[in-house]
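There are 2 protein chains.
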Amino acid sequence: MPKASPKAEDSREKLILVSSNPNKGIEAERILGVPILRVSIELPEIQARTVEDITRYKLEVAKTKGYGRLLVEDVSLGFDELGNFPGPYIKWLLEGAGGKGLGAIAYALLNRKARAQCCLAYWDGREARIFLGETEGEVLVDPRGERHFGWDAWFQPKGAQKTYAEMADAEKDAVSHRGKAYRALGEYLRGEGQK
Amino acid sequence: MPKASPKAEDSREKLILVSSNPNKGIEAERILGVPILRVSIELPEIQARTVEDITRYKLEVAKTKGYGRLLVEDVSLGFDELGNFPGPYIKWLLEGAGGKGLGAIAYALLNRKARAQCCLAYWDGREARIFLGETEGEVLVDPRGERHFGWDAWFQPKGAQKTYAEMADAEKDAVSHRGKAYRALGEYLRGEGQK
Numbered sequence: 001m002p003k004a005s006p007k008a009e010d011s012r013e014k015l016i017l018v019s020s021n022p023n024k025g026i027e028a029e030r031i032l033g034v035p036i037l038r039v040s041i042e043l044p045e046i047q048a049r050t051v052e053d054i055t056r057y058k059l060e061v062a063k064t065k066g067y068g069r070l071l072v073e074d075v076s077l078g079f080d081e082l083g084n085f086p087g088p089y090i091k092w093l094l095e096g097a098g099g100k101g102l103g104a105i106a107y108a109l110l111n112r113k114a115r116a117q118c119c120l121a122y123w124d125g126r127e128a129r130i131f132l133g134e135t136e137g138e139v140l141v142d143p144r145g146e147r148h149f150g151w152d153a154w155f156q157p158k159g160a161q162k163t164y165a166e167m168a169d170a171e172k173d174a175v176s177h178r179g180k181a182y183r184a185l186g187e188y189l190r191g192e193g194q195k
Numbered sequence: 001m002p003k004a005s006p007k008a009e010d011s012r013e014k015l016i017l018v019s020s021n022p023n024k025g026i027e028a029e030r031i032l033g034v035p036i037l038r039v040s041i042e043l044p045e046i047q048a049r050t051v052e053d054i055t056r057y058k059l060e061v062a063k064t065k066g067y068g069r070l071l072v073e074d075v076s077l078g079f080d081e082l083g084n085f086p087g088p089y090i091k092w093l094l095e096g097a098g099g100k101g102l103g104a105i106a107y108a109l110l111n112r113k114a115r116a117q118c119c120l121a122y123w124d125g126r127e128a129r130i131f132l133g134e135t136e137g138e139v140l141v142d143p144r145g146e147r148h149f150g151w152d153a154w155f156q157p158k159g160a161q162k163t164y165a166e167m168a169d170a171e172k173d174a175v176s177h178r179g180k181a182y183r184a185l186g187e188y189l190r191g192e193g194q195k
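First to last, the sequence lines map onto chains A and B. Residues 1 to 195, numbered by this note's numbering, are exactly what the first sequence covers, in order. Residues 1 to 195, numbered by this note's numbering, are exactly what the second sequence covers, in order.
The set of hints was computed from the structure by calculation and includes no laboratory data. Just so you know, not all the hints are guaranteed correct.
Because identical chains share one entry, a pair is satisfied inside a single copy or across any pair of copies.
[Unchecked claim] Within a straight-line C-alpha distance of at most 25 Å, the following computed SDA-like cross-link-like pairs (lysine to any residue) qualify:
hint : residue 1 : residue 2
1    : 158       : 96
2    : 24        : 108
3    : 91        : 49
Input sequences plus hints: build the corresponding full structure.
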């Protein structure tokens, strides 16, 4: 039996973001502008060449948890000169050595160009959509700004004079890899809502 | 119905090593001194903190492929100063930037101490055994020796004057992380054979 305006009703339902990182939930909600319920489950992650492959696999696991509309994401930060290493393994560098380890690697490189990527996989209960946000920039040897959020104090987007960590929220969201991915998702969701 | 001397017969059966790397098969057979049949299947690998966790998961997947006695292995090379990074992700650094990338990271570090680990998981058809071989050493900025086998030309074991790549096979096997792991397995298998 059809309900009245099921599309609109769906879009008012909270999205589930499966992530063990509270900061990611806060940032996602801020950029997307819709309520997000963060569910802290550790999803097994595979090793793969691209952040997209890792995210797609994460989604497959998350889908088995019984939620309706859900989001998973994965982040990558890699140096051009290292063929995009650490890439999706940046989290293990942070865990092992903190942002300082990232700065140490940058110190060794003649070319400190890096690209940050956020891959979002959105499942609407029927099908999956992938949104990839990418921001080019440079990894600094010496961090600037607060060091709370991963490698934000070490990454300065191309054309900017500030690191992510020195930027106000709105300023960061406008240029960040995560901002780009979540805005692309937001556009898609609004398009869906108007159908 | 009991067969005559089933243990001895089992130990004559070829071991299956699941690995896509031909060099690993050759080295394994040389160190273990028993015939090994390498089967080139790409097993999905998870991301985890330790090479042992990754190897155990690999074994779980390999067990579903229908072989009897099998071996899987994973290798880790990490810098002490980076909290053991890249660790099990060393393969992605090699893929992205080659051994040169490893040398570049070493260049940045005051302390180039590193540890190489080989984790072997052996499945005899009933239960799993784990064998871990570890070798401490130093990662060189400038490689020495042939560069064919991964990072061998960049790694010099503690107390040695040569890199893995400069050593003769027997010399390398005596000190290498893989030598230690396979010898431990070999001792276990001989013990089993005598039961």
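Going through the hints against the structure:
| no. | hint | verdict |
| --- | --- | --- |
| 1 | 158 <-> 96 | between (27 Å within a copy, 22 Å between copies) |
| 2 | 24 <-> 108 | neither (30 Å within a copy, 31 Å between copies) |
| 3 | 91 <-> 49 | both (15 Å within a copy, 11 Å between copies) |
Figure legend: structure checked against the earlier numbered hints; the only hint not met is number 2.
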